[in-house]
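J.: The listed protein sequences derive, respectively, from chains A and B. If you count by numbering that gives the first Met the number 0, then the first sequence holds residues 0 to 206, one letter each, in order. If you count by numbering that gives the first Met the number 0, then the second sequence holds residues 0 to 213, one letter each, in order.
Please keep in mind that the hints were generated in silico from the structure rather than gathered at the bench. For each residue, glycine too, the CB sits at the ideal point set by N, CA and C. Check the hints yourself; a few may be wrong.
Which bits of chain A does chain B cover? Going by a derived footprint, with three or more residues having C-beta under 8 Å, they are [as the list claims (entries may be wrong)]:
1) 122-132
2) 196-205
Calculated cross-link-like contacts (lysine to aspartate or glutamate; reagent style EDC-like; alpha-carbon spacing at most 16 Å) [claimed, not checked]:
3) A:K3 <-> A:E141
4) B:K87 <-> A:D134
5) A:K34 <-> A:E168
6) B:K95 <-> A:D134
7) A:K33 <-> A:E177
8) A:K33 <-> A:E168
Anything over 10 Å on all C-beta distances counts as not near chain B; from chain A, calculated [as the list claims (entries may be wrong)]:
9) M0
10) S37
11) V55
12) L63
13) L64
14) P66
15) E73
16) L74
17) L96
18) V97
19) K103
20) G162
21) A170
Here's the letter readout for the chains.
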Amino acid sequence: MAIKLAAIFFTMILVDNYVLSKFLGICPFLGVSKKLDSAVGMSLAVTFVMVMATAVTWTLQTFLLTPVDAVTGELKWDFGYLQTIVFILVIAILVQLVETVLKKYVPSLYNALGVYLPLITTNCAILGVTILNIDNGYNFAESIICALGAGIGFLVAMVLFSGVRRRVEQANPPKCFEGLPITLVAAAMVSMSFMGFGGIIEAIFGV
Amino acid sequence: MSKNIEVLTNGILKENPVLRLVLGTCPTLAVTTMASNAIGMGVAATFVLICSNVVISALRNIIPNQVRIPAYVTIIAGFVSVVQMLVKAYMPALDKSLGVFLPLIVVNCIILGRAEMFASKNGVGASALDGLGMGIGFTLTLLLMSSIREILGAGTWFGYQIIPASIDPFTIMTSAPGGFFVFGALMAAATLLTTPRKKKESPSGKEAREGGEA
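All chains, full assembly: derive it from the sequences and hints.
T.: Okay, structure coming up:
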């Protein structure tokens, strides 16, 4: 059990990194990775909402949308088609809740994250992780670890890339490549380096 | 009439949502490994874009300003669920290859962006045209990018063999780094084509030099 959880955790960070190999959460990745401290702040906020959203959506999906009868093993009822609407509303409400709570009780953290909090609702990595957890059939503990790994993976990619980006900004690319195009080419290089992690999880954990 | 045509063509070139406004990057990068996936994603997103633009524009005077974003998201999520069910029922192969990116149309910034920027301020007819134009622009960009990636990365186009099988394809083009790279190169090409040229250097010579460096 512990080995499986560890395998999921490190797979999400190194092999299936959401930004660099699954293309989830590219908008904040390109938008907020210019400075190291804002990159870290954004990633921490995303990680927090990811874990919270997974806890709520997994529970809702298991007990409200598609509950399984314990005796017969059949679905009691099937509201699975409401998944998309329910999940996005849960995320929107959670983001609003986090914003309100932080504003009232931890104003310093709120001021640090302030700008990035509303942006999290439309971060596809969060809706992505909640839906993928259901699709993969993970149980509660696995889902939480998966969400945590996805958040930490996002953090790792953002921190690494903000370093790369500082060098890219001082470079002198052809005129039409200035700005985003050269940043995307740099992201291609970083993503290529992460491809080298393929197979490492199987080798270490043997799953 | 000419204004309508302008609204329609705006999304295709001048305000191309992917290459000029840089919206909807995640699905652009993720589904463009095969041309058929790109068409499927483009058509699905266009459908949601037109429907949500029409409904939001019709309700623009009823929805209170403070809760407009949650209201827009709910409307969009409703149409995405419709698309999801239709695709699952009639095109199961497409459903499999688009995977999680089909429900993720909800958080595609193009749709919420157009709702906020255009549909909340304009009439129903103009909003439908704007949705159609933006959708066509999105689909064409996806098609262009997926064609480059599929032909170079797998040697096929819509599943048909284009490059002889005896030549090894660049498999990296269909994996993650190739996606970032082709996107960057296309965006540079769009910048090159839309900004007025100052220097006399011919664009073909410039491209050849960049190609050499890459």
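J.: Hint by hint, say whether it matches the structure.
T.: Okay, the hints, checked on the actual structure:
Restraint check on the segment 122-132 of chain A versus chain B: 6 residues with Cβ-Cβ distances below 8 Å, three needed, restraint holds. Counting residues of the segment 196-205 of chain A whose C-beta lies closer than 8 Å to any C-beta of chain B gives 0; at least three are required, and the coverage claim is violated. Proximity of K3 of chain A to E141 of chain A is assessed by CA-CA distance (about 8 Å); at most 16 Å being required, the pair is judged to hold. The hinted pair formed by K87 of chain B and D134 of chain A meets the criterion: a straight-line CA distance of about 14 Å does not exceed 16 Å.
Straight-line distance between C-alpha atoms of K34 of chain A and E168 of chain A comes to about 12 Å, which keeps the hinted pair within the 16 Å bound. Restraint check for K95 of chain B and D134 of chain A: satisfied, since their Cα atoms lie roughly 12 Å apart, inside the 16 Å limit. For the hint pairing K33 of chain A with E177 of chain A, the CA-to-CA distance comes to about 15 Å; that is within 16 Å, so the pair holds. Annotation: proposed proximity of K33 of chain A to E168 of chain A holds, straight-line Cα distance about 9 Å (limit 16 Å).
With a closest Cβ-Cβ approach of about 26 Å to chain B, M0 of chain A is found to remain outside the 10 Å limit, as its non-interface label requires. The claim that S37 of chain A is not at the interface with chain B holds, since no C-beta of that chain comes within 10 Å of its own (minimum 18 Å). Every CB of chain B lies more than 10 Å from the CB of V55 of chain A, the least distance being 16 Å, so the non-interface label holds. The Cβ of L63 of chain A sits about 16 Å from the closest Cβ of chain B, beyond the 10 Å cut-off, so the non-interface label holds.
The Cβ of L64 of chain A sits about 13 Å from the closest Cβ of chain B, beyond the 10 Å cut-off, so the non-interface label holds. For P66 of chain A, the requirement that its beta carbon stay farther than 10 Å from each beta carbon of chain B is met, with the minimum near 20 Å. Once the 10 Å rule is applied to beta carbons, E73 of chain A is consistent with being away from chain B; the minimum gap is 21 Å. Separation of L74 of chain A from chain B is adequate, the least Cβ-Cβ distance of about 17 Å exceeding the 10 Å criterion.
Distance to chain B confirms L96 of chain A as a non-interface residue, since its nearest Cβ pair spans about 13 Å, more than 10 Å. With a closest Cβ-Cβ approach of about 15 Å to chain B, V97 of chain A is found to remain outside the 10 Å limit, as its non-interface label requires. With a cut of 10 Å on Cβ distances, K103 of chain A stays outside the contact zone with chain B, its closest approach being about 19 Å. Listed as outside the interface, G162 of chain A is consistent with that label: its C-beta sits roughly 17 Å from the nearest C-beta of chain B, beyond the 10 Å cut-off.
Distance check on A170 of chain A: its Cβ is at least 12 Å (rounded) from any Cβ of chain B, clearing the 10 Å threshold; non-interface status holds.
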